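Assemble the complex: chain A is given as a structure, and chain B must be docked to it using the hints.
There are 2 protein chains.
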Amino acid sequence: MLSNSIDIAGYERSRVQLIDEDRALRVDHPRTVKFTAAEIEADRIVRNIRSLETQSIWGADHEDIPHVFPGMEFLTAKDIIVKTKLFQILTRMPKGALLHIHQGASVDASVMLRLALQQPAIHISCPNVINASTILSTSPRFKAFPEDRYFDAYGLTELSYIPNTWVSVQKARENFDSALGGPEGFDRWVVGAMTINPTEAYGSHNTVKKIWQKFGDAFMVLDPLIRFLPIWAEHLRAFLLACIDDGISYTEIRTNTFAKCTSFDPAYTYEIAADGQSSVSRRELFLIFDKVVNDIRSEMKVQGRGDEFIGAKIIYVLQRFVDNKALDAELEQCLSMKLEFPHLIVGFDLVGDEEAHKPLIDYLEPLLRFKQRQQELGVDIPFFFHAGETLGDGSKADMNLYDAILLGTKRIGHGFSLVKHPKLMEICREKRIALEVCPISNEVLRLTSSMPMHPLPIFMNNGIPVVLCSDDPGIFGNMGLSFDFFQVLVSSEVTGLLTLGQMARDSIECSTLVGEEKQRAMLAWERRWAMFIKEIVQMEAEYLN
Amino acid sequence: MLSNSIDIAGYERSRVQLIDEDRALRVDHPRTVKFTAAEIEADRIVRNIRSLETQSIWGADHEDIPHVFPGMEFLTAKDIIVKTKLFQILTRMPKGALLHIHQGASVDASVMLRLALQQPAIHISCPNVINASTILSTSPRFKAFPEDRYFDAYGLTELSYIPNTWVSVQKARENFDSALGGPEGFDRWVVGAMTINPTEAYGSHNTVKKIWQKFGDAFMVLDPLIRFLPIWAEHLRAFLLACIDDGISYTEIRTNTFAKCTSFDPAYTYEIAADGQSSVSRRELFLIFDKVVNDIRSEMKVQGRGDEFIGAKIIYVLQRFVDNKALDAELEQCLSMKLEFPHLIVGFDLVGDEEAHKPLIDYLEPLLRFKQRQQELGVDIPFFFHAGETLGDGSKADMNLYDAILLGTKRIGHGFSLVKHPKLMEICREKRIALEVCPISNEVLRLTSSMPMHPLPIFMNNGIPVVLCSDDPGIFGNMGLSFDFFQVLVSSEVTGLLTLGQMARDSIECSTLVGEEKQRAMLAWERRWAMFIKEIVQMEAEYLN
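Protein sequences appear in the order of chains A and B.
Quick note, the first sequence lines up with residues 559 to 1103 if you use my numbering.
Quick note, the second sequence lines up with residues 559 to 1103 if you use my numbering.
Just chain A, same shape as in the assembly (with noise of 0.2 Å):
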């Protein structure tokens, strides 16, 4: 009866015209990007897939792990998630360029202490004697030291240890305290201490700051045995061959040289050789990263497997805080490793806590005479920078965003704290400055508490390019790109394997290849995709007969 005078259809147009306007702007809408009819039967498939698991896994009861939802705390949820359909897909996806890692936390806890094991040279200490009420709250340290100086005390468990005194890491597990679990136990304690566990994440250390505590430990039990030159080479080709098998064809890894001007431990040098004593310089180490790359990218030619590695480059990174003077002095090294490694160092940042330490604009001058010296020597090493990875408002680190953006940034890492600036939204969607968001370290860290609560559909929406990143995926467990992805496709009823796809292509557009190499890399990854996308329409066909 009135329904007749009313205009339902006009409604019903006005909002699918609504709703088009209001995603305009996104990576994967249909005015931007022309998707083939195999690209959206398989995006079909993967929500799908998404949807059945929302009610079959996400929506079950499962022991021990309490309030399970899509995109809940990643610690907690992993197990959980090995076993989804859907992240057995997302491993299989080409997944581009991981743009933000840092090299100090890329490789996999466990596999860092059998390099260290593999090694006689490495040493382990602690403050106190580990013993079961001691084990959970102390965390080792490692040493490099020469052969006429091995020591190989009994253990750290025996109550004759002495506290702060080196014993050999491969004596030190052998002797492990059955009673704490003997070697295994010794593993289980050294890989704890290296990694985020979820009672820390979510009980212990729930706040930004108190995360950032342990986060900071786990670096510190970490940063000596990957300045020890023979783990080094090793851990930087593990990382690279975890790349590959997780999808990922290049990368551009956050390397830091170990300033001797930090702050940050006085007994800590820079890097130490094989002999477990003399001092590495950078163009050594540069040199070995070159070799580890290019004999990678050799041996998987030789496999046939050329598109799946078009290789790895480094941003040159330094600690937040160094003085303004040894700035001057390191940038200045950094100048003359980008004149001998032109192909290998693409960009600089600064790295460390944001709200701890010294804001960008208290280095403002070394960086304004960084950016002159690279006129000079008309060589080009663009800003990378951290900038608001925060939940402040106006704070130190959410103040970085301005000035990483007025110094020319060409990505932003994180960008967390964007989403309230709309001048700075503006600016990144003009300019195309790329966020490397970390989805998964963002929670561990506790800047969002589950990937729902992520400011990532706000960047997408409006139209800023974003790669999701790993960012410490040794420490976090995120190890690849599919765990980021996978928290990234649950958690949105908009986002499809399509919008991944985007992203992944993003990836290789935002990153500092050029040229040939770039559009090689691009070709590559179009391949894969297109392969990619056509198994998962043959499994859904295989399937369904």
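Wrong hints could be hidden among the right ones.
Unchecked claim - What follows is a list of derived Cβ distance ranges for each label pair:
1) A:Ser563 x B:Arg841: 25 to 35 Å
2) B:Gly761 x A:Asn852: 51 to 61 Å
3) B:Gly761 x A:Pro741: 47 to 57 Å
Unchecked claim - Covered by chain A, according to a simulated footprint, are these stretches of chain B (three or more residues, beta-carbon under 8 Å):
4) 978 to 986
5) 1051 to 1060
Bear in mind the hints are in silico, worked out from the structure with no lab data behind them.
Just so we're clear, the structure is a prediction, and the values are computed from it rather than from any experiment.
Built from N, CA and C at the ideal position, the CB exists for glycine as well.
Chain B alone, transformed into the frame defined by chain A:
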């Protein structure tokens, strides 16, 4: 040396300009509002107190309260908050209008219990005997009875208590087992059932879905009390007096008239009159509403406090699970009430968990018809839809935002997920559609795990009108608006007292008040604001002398 050729001053100028542009849309931006010298001084004083307390209170260790920080979980922080000087100042601030409040949870739970105990008609029942092992998991039910059916059974904690039978609430209290704390134990139990405690919000029910179950339970306990007319009148009075006490001079109350059409609980009928059995017409209800408001207005005038209370109006609400046919009938009732109480009924809304119940689009036809009928009758009942109270991206509740806006909502209840929608943000800014932001509600209901994680600064920096609201203070314990204002103030270094003042101004501006009444409300607020500012400046002067 080199620094001469670097344009530091130029950089600084660009920086100031960029920050200014980024904040240009804020309600407190100097381009849109000229603050007095006293206001600027008061703002400085308050920022200073905040900064000192960030260290002295939020930087200190508190026994039994781990993880203390500004803007932390409200239910845990409340005991600390009330001791701060900042909070004491905010309790004295004139807040303007409270525009998002559910009448069913508008009054402190212990007051609700006191009101129940004053009524011999009120009885209580439980689904089981209350003892040490059942008390935490059992919620009581209340019901009014006529005098000839009063029940004096011994008590709820007796072994002989027959589940689901009714006991006089006074007797049940008197006879409550002393092992469970006796009458005080009864009070704790009932108040606990009417409220959400920290263990529930941050432990046992720590997801949006689970906490909504507890939230719904609390409403089920409160509802029958409020439906009993003598309590209805008293609790409305108690609510308005509490508002006045906290500096709120006007409110638009979402009033549920408990339509028969609900599938909520068939045993629940319309409101019950003082005789404990007759049902009450909506007309009677609104007459009482009018009387309570007019009485308080007169009392305040007599006390020379006319500026402190402008009045209270009704946003007529129904639950989101009515069917379309029932909704049509209810909307006709709403229209007839509007014709009779044109000054009282100022809007319409549909309430309830947006993810669990029907989306707005399901009600499209009745809602469009309702608008058409308003035109025919020459009345205006604008929509004040709840929309986007969710973490979902593209979920039912998130999609409600499109419909709320297309249907012409005057304000948006919550709009939490609006941040994800650039086009809708633009529309809200341009059409001045205010968001009724409920910081503590959002946090307790687990949309945000603490205030710093809340999207409020995004709305503010994008120039979207925001009014801060308490939502369900009876259940959350955030009586008045001081707690919500506090959480907002301590979670930002950009927002200050003057920002809160502008939001208070906007609460009157974005209310349904018009003409002379609005002008009177605004002038009254301005007078009180000027006094408040003066008070802060004097307080500081006295402190310094």
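A quick look at each hint next to the structure:
Taking 25 to 35 Å as the suggested C-beta distance range, the pair Ser563 (chain A) and Arg841 (chain B) conforms, at roughly 30 Å. One distance hint, 51 to 61 Å for the beta-carbon pair Gly761 (chain B) and Asn852 (chain A), holds here, with the actual separation near 53 Å. At about 37 Å, the CB distance of Gly761 (chain B) to Pro741 (chain A) disagrees with the hint of 47 to 57 Å. Remark: the region 978 to 986 of chain B is confirmed as covered by chain A, as 5 of its residues place a Cβ nearer than 8 Å to a Cβ of that chain, reaching the required three.
Judged by the Cβ-Cβ criterion of 8 Å, the region 1051 to 1060 of chain B is covered by chain A as claimed, because 3 of its residues qualify and three suffice.
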